[in-house]
Amino acid sequence: MIKPWARRAIGASIALAVGIAISGCSASGAGTGGAVSADGEYSGPDVDVTFWHGWTGGAAPTIVPQLIQKFNAEHENITVKAVPQEWGDITAKMPLAIKAGKGPDVAVLHGDDLATYAAQNLLQDAGGIIDGLGYSGDDFPKGVFDKGNFRDAQYAVPWSVTPLGLYVNKTVLAKAGITEIPTDEASYTAALEALKGAGVAGEWVDGYVFTGTFEFQSLIWQFGGDMYNDDVTEATFNSEAGVKALTWMTDLVKNGYSPANVAQDGNIKALIAGETAFNWNGVWQTTNSAFADLDWVAAPVPQIGDEKAVWSSSTHWVFPQNKGQDKNKTAAASVFVKWMNDNSMGWAETGELPAANTVREDPALLEQYPNLEPFMNELEYAHYETVSPGISEANAQITLALNEALTGKKDPKSALDDAADKANQILKANQDKYGD
Amino acid sequence: MTNTAPLVATAPQRNGAGGRGSRPSARRPASGRKTLTAYLFLAPFLLLFLTFVVGPAIFGIWMSLTNWSPFREVQTFVGLQNYINLFTPGTVTASDFWKSMSVTGIFIVASVPFLVVVPLLVAILLNQRIRATTAFRTIFFAPYVLGVAVIGVIWGYILDTQSGILNHLMGLIGLPSNVPWTVDVPWVWVSLVGVTVWWTMGLNTIIFLAGLKGINADLYEAASLDGAGTVNKFWNVTIPGLRPVMTFITTTTILASANMFGQSYLLTKGGPGTETRTAIMYIADQGLSQNNMAPAAAMSYVLFAALAVISVINFRLQRERVEKGLK
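Protein sequence lines correspond, in order, to chains A and B. Mapping to UniProt numbering: the first sequence position 285 is 285, numbers consecutive. Mapping to UniProt numbering: the second sequence position 323 is 323, numbers consecutive.
These are computed hints drawn from the structure, not numbers from a lab. Any given hint could turn out to be false.
[To be verified] Using 25 Å as the maximum straight-line C-alpha spacing, the simulated PhoX-like pairs for lysine-lysine come out as follows:
{"hint": "1", "chain 1": "A", "residue 1": "K428", "chain 2": "B", "residue 2": "K99"}
{"hint": "2", "chain 1": "B", "residue 1": "K99", "chain 2": "A", "residue 2": "K433"}
{"hint": "3", "chain 1": "A", "residue 1": "K254", "chain 2": "B", "residue 2": "K99"}
{"hint": "4", "chain 1": "A", "residue 1": "K422", "chain 2": "B", "residue 2": "K99"}
{"hint": "5", "chain 1": "A", "residue 1": "K409", "chain 2": "B", "residue 2": "K213"}
{"hint": "6", "chain 1": "A", "residue 1": "K413", "chain 2": "B", "residue 2": "K34"}
{"hint": "7", "chain 1": "B", "residue 1": "K213", "chain 2": "A", "residue 2": "K410"}
{"hint": "8", "chain 1": "B", "residue 1": "K233", "chain 2": "A", "residue 2": "K410"}
{"hint": "9", "chain 1": "A", "residue 1": "K99", "chain 2": "A", "residue 2": "K409"}
{"hint": "10", "chain 1": "B", "residue 1": "K213", "chain 2": "A", "residue 2": "K413"}
[As the list claims (entries may be wrong)] Cβ-to-Cβ under 10 Å is the rule here; a few derived chain B residues that face chain A:
{"hint": "11", "residue": "T37"}
{"hint": "12", "residue": "T66"}
{"hint": "13", "residue": "S69"}
{"hint": "14", "residue": "T88"}
{"hint": "15", "residue": "P89"}
{"hint": "16", "residue": "V92"}
{"hint": "17", "residue": "G164"}
{"hint": "18", "residue": "I165"}
{"hint": "19", "residue": "N216"}
{"hint": "20", "residue": "D218"}
[Claimed, not checked] Computed list of chain B residues with no C-beta within reach of chain A, every gap over 12 Å:
{"hint": "21", "residue": "T35"}
{"hint": "22", "residue": "F49"}
{"hint": "23", "residue": "V53"}
{"hint": "24", "residue": "P56"}
{"hint": "25", "residue": "A135"}
{"hint": "26", "residue": "L159"}
{"hint": "27", "residue": "V179"}
{"hint": "28", "residue": "T200"}
{"hint": "29", "residue": "E221"}
{"hint": "30", "residue": "G273"}
{"hint": "31", "residue": "Q318"}
Quick caveat, the model's predicted, so the values are computed rather than measured. For each residue, glycine too, the CB sits at the ideal point set by N, CA and C.
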């Protein structure tokens with residue numbers, strides 16, 4: 001079922017690709033593609049642009065094809081072809097595909113993967129492309145754009161941000177006679193205590209990535225600490241701030257505000273089932289259809305430590321450095337990226353915040369998705385994931401420490417110390433593996 | 001691991017059609033043609049086997065002797081360094097790897113007896129002349145056709161600490177209702193073994209059942225005439241009759257248990273801590289997620305060596321029993 005015009009476009013671009021390959025002018029360096037005009041339009045020959053992404057769940061499988069269809073209709077000389085696959089498959093396949101020259105022309109990656117790809121020369125230095133599109137750090141929430149920077153080169157354009165927030169089951173909260181949503185340590189503890197009095201464990205804490213690790217990271221930043229030192233050569237999550245953060249979490253169990261041994265996702269299930277009042281969870285839960293029958297509200301995470309801070313993830317556009325990458329394709333891909341960001345209003349449907357400030361600051365967004373407001377307000381003080389090649393392996397040690405502390409295998413300090421020792425070994429190995 | 005196939009393939013063999021063909025020289029032309037035909041029939045499988053098992057296995061040996069990285073153009077030969085690291089305490093991988101090996105070991109020891117004994121008993125029950133045996137056979141086999149992802153989701157709901165069905169039911173009859181089935185030891189082991197037995201016992205049951213059908217009914221009759229009761233017949237007729245099948249089943253079950261990955265990956269995330277992170281899970285994480293392909297290749301060869309040793313011991317033990325039985 002390929003439309004005739006599309007078939008012609010594909011045929012033309014295959015002919016073009018073959019022509020380029022034969023004439024041997026396909027070698028491309030970093031920097032801008034030649035054929036993008038100042039107003040962000042692509043004027044080169046017809047091209048196919050391959051786009052890999054991992055949005056396989058929720059609303060994305062309907063939204064992405066719609067957006068792409070619209071883009072293709074508006075751009076006569078560009079045909080974007082999306083290849084959706086699981087994020088895990090992308091991690092496993094994309095590096096090798098790029099090395100073999102069979103990777104996509106444009107892809108979306110999570111912020112914590114960017115450095116791993118950049119360190120392996122899998123991504124084009126996108127500085128020129130970004131200048132061409134007229135983007136700078138001010139076009140996105142504070143700190144996100146810089147996450148695409150690695151060793152003084154910019155590799156990525158932000159696409160979405162997904163901060164953590166506090167989900168509240170208001171029916172359960174009312175059982176304790178509370179109507180105000182807590183915002184700080186005192187009011188949060190008071191609410192938990194009142195809930196305990198009403199026979200409710202107010203916040204079920206878990207020792208898994210979703211979402212115990214995100215909660216821990218928010219807390220360590222609130223207590224003034226950080227996961228790693230500035231040049232990411234040493235783990236610092238076992239600092240005083242880290243121990244305070246984890247102790248606060250284990251105290252939830254000790255004080256009876258949380259049951260022990262919560263399984264992964266046990267807390268969000270409990271919130272939906274009306275067994276608990278609070279759950280620290282990501283903005284993506286705003287689209288959870290199970291909330292439909294619930295009297296719920298989302299709020300910024302309470303300030304437990306000395307300053308406001310919250311964990312957020314981010315996704316970014318990247319331009320893979322395929323062997324023999326066609327400049328025209330990259331140029332067309334950059335037009336696609338700009339167009340997607342400009343038209344990303346509907347992306348909120350998937351429970352992610354569009355990164356482009358122009359879109360997020362458009363009042364129409366909150367009119368359509370009022371639940372996003374608390375999350376947007378958090379962006380002022382949101383922290384994003386650490387940028388360093390191979391960092392996910394070291395990050396896994398944090399979750400391990402949480403898990404050990406929350407199941408009572410170790411006390412918070414020794415769990416974090418052991419994990420930091422291991423993480424330091426991994427960081428050192430990463431330096432050897434990815435070079436400086 | 002990919003390396004189990006040859007072991008499995010040889011497992012069910014016994015003194016088969018070896019007694020025939022007393023004059024091979026006179027029949028050479030025909031048998032030569034037959035051999036060719038046989039190879040032609042085997043060719044499609046052999047081709048796949050060479051491409052997807054032998055080829056990668058050899059490539060894996062080379063990989064484990066280098067500092068292989070998918071991102072480098074040139075790979076450097078490092079000799080046995082990756083193996084030496086695994087046996088040197090204090091390196092990044094050594095303690096985690098041996099921890100994961102011991103986890104796999106625990107799972108084998110805990111699951112294999114159940115995966116052999118339970119299907120054997122079920123097969124004996126199904127072999128009785130009862131109504132609706134076919135229906136029961138289907139029921140016992142049914143879970144086996146489900147994928148591990150489905151198993152993970154279903155049991156995730158059943159075993160949840162606070163909102164799981166199992167704990168709810170236990171609460172109703174006065175048992176503790178907050179057992180951390182997927183969160184804390186030792187319960188995670190009970191869950192993983194239980195789920196695995198429920199999921200895979202159908203296969204062993206069917207094989208045992210086929211073995212039971214193959215035992216000559218005359219033997220039971222003779223035993224009855226000699227005054228043997230049910231228990232005696234079980235030990236002296238059924239078990240010896242099932243020995244070749246038993247060798248096959250214990251070997252394949254040990255190997256299958258050693259390859260356990262999905263259950264703990266989905267149900268316990270390897271937790272608490274790394275208590276249920278199996279060797280395969282750790283190797284997959286190191287090789288495919290962390291791109292430490294060379295150490296991961298070395299680890300899979302150490303695992304392969306361990307499994308090969310276990311399989312050989314298993315064969316030897318069972319063969320001795322068979323020989324003794326024959327005497």
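Going through the hints against the structure:
Taking the CA atoms of A/K428 and B/K99, the gap is about 22 Å. The hint holds against a cut of 25 Å. Taking the CA atoms of B/K99 and A/K433, the gap is near 24 Å; set against the 25 Å cutoff, the hint holds. For the given pair, A/K254 sits about 30 Å from B/K99 by alpha-carbon distance, which is inconsistent with the 25 Å threshold. Restraint check: the Cα-Cα separation between A/K422 and B/K99 comes to about 14 Å, which is no more than 25 Å; the hinted pair holds.
This hinted pair does not check out: A/K409 and B/K213 have alpha carbons roughly 51 Å apart, beyond 25 Å. As the CA atoms of A/K413 and B/K34 are separated by approximately 72 Å, the hinted pair breaks the 25 Å bound. Distance hint between B/K213 and A/K410 is unfulfilled; the C-alpha atoms sit about 54 Å from each other, more than 25 Å. Distance restraint check for B/K233 and A/K410: the Cα-Cα separation of roughly 53 Å exceeds the 25 Å cut-off, and the hinted pair is therefore not satisfied.
For the given pair, A/K99 sits about 43 Å from A/K409 by alpha-carbon distance, which is inconsistent with the 25 Å threshold. Using a Cα cut-off of 25 Å, the hinted pair B/K213 and A/K413 is violated, with the two alpha carbons roughly 61 Å apart. Checking B/T37 against chain A by beta carbon gives a least distance of about 40 Å; that is not within 10 Å, so the hint is violated. With its C-beta approaching chain A no nearer than about 13 Å, B/T66 sits outside the 10 Å limit, and its interface hint is violated.
Against a cut-off of 10 Å between C-beta atoms, the interface hint on B/S69 holds, since the closest Cβ of chain A lies about 7 Å away. Because the beta carbon of B/T88 sits about 13 Å from the nearest beta carbon in chain A, more than 10 Å, this interface hint is broken. A least Cβ separation of about 13 Å between B/P89 and chain A goes past the 10 Å threshold, and the interface hint is therefore violated. Taken as an interface hint, B/V92 checks out: its beta carbon lies about 5 Å from the nearest beta carbon of chain A, inside 10 Å.
For B/G164, the shortest C-beta to C-beta distance to chain A is roughly 8 Å, which falls under 10 Å, so the interface hint holds. Using the Cβ-Cβ criterion of 10 Å, the hint placing B/I165 at the interface with chain A is not satisfied: the shortest such distance is roughly 12 Å. The beta carbon of B/N216 comes no nearer than 51 Å to any beta carbon in chain A, farther than 10 Å, and the hint placing it at the interface is violated. Taking 10 Å as the C-beta cut-off, the interface hint given for B/D218 is violated, the closest approach to chain A being about 55 Å.
Against chain A, the non-interface label of B/T35 holds: every CB pair exceeds 12 Å, the least being about 41 Å. The claim that B/F49 is not at the interface with chain A holds, since no C-beta of that chain comes within 12 Å of its own (minimum 24 Å). Remark: the non-interface label on B/V53 is consistent with the geometry, its nearest Cβ contact in chain A lying 20 Å away (cut-off 12 Å). No Cβ of chain A comes within 12 Å of the Cβ of B/P56; the nearest lies about 14 Å off, and the non-interface call holds.
No Cβ of chain A comes within 12 Å of the Cβ of B/A135; the nearest lies about 35 Å off, and the non-interface call holds. At the 12 Å boundary, the C-beta of B/L159 falls inside the reach of chain A, the nearest C-beta of that chain being 8 Å off. For B/V179, the requirement that its beta carbon stay farther than 12 Å from each beta carbon of chain A is not met, with the minimum near 9 Å. No beta-carbon of chain A comes within 12 Å of the beta-carbon of B/T200; the shortest separation is about 23 Å.
The non-interface label for B/E221 is consistent with chain A: the shortest C-beta to C-beta separation is roughly 55 Å, beyond 12 Å. Against the 12 Å criterion, B/G273 falls within the reach of chain A, whose nearest CB is about 5 Å from its own CB. The non-interface label for B/Q318 is consistent with chain A: the shortest C-beta to C-beta separation is roughly 39 Å, beyond 12 Å.
Comparing the model with each earlier hint shows violations of hints 3, 5, 6, 7, 8, 9, 10, 11, 12, 14, 15, 18, 19, 20, 26, 27 and 30; every other hint is respected.
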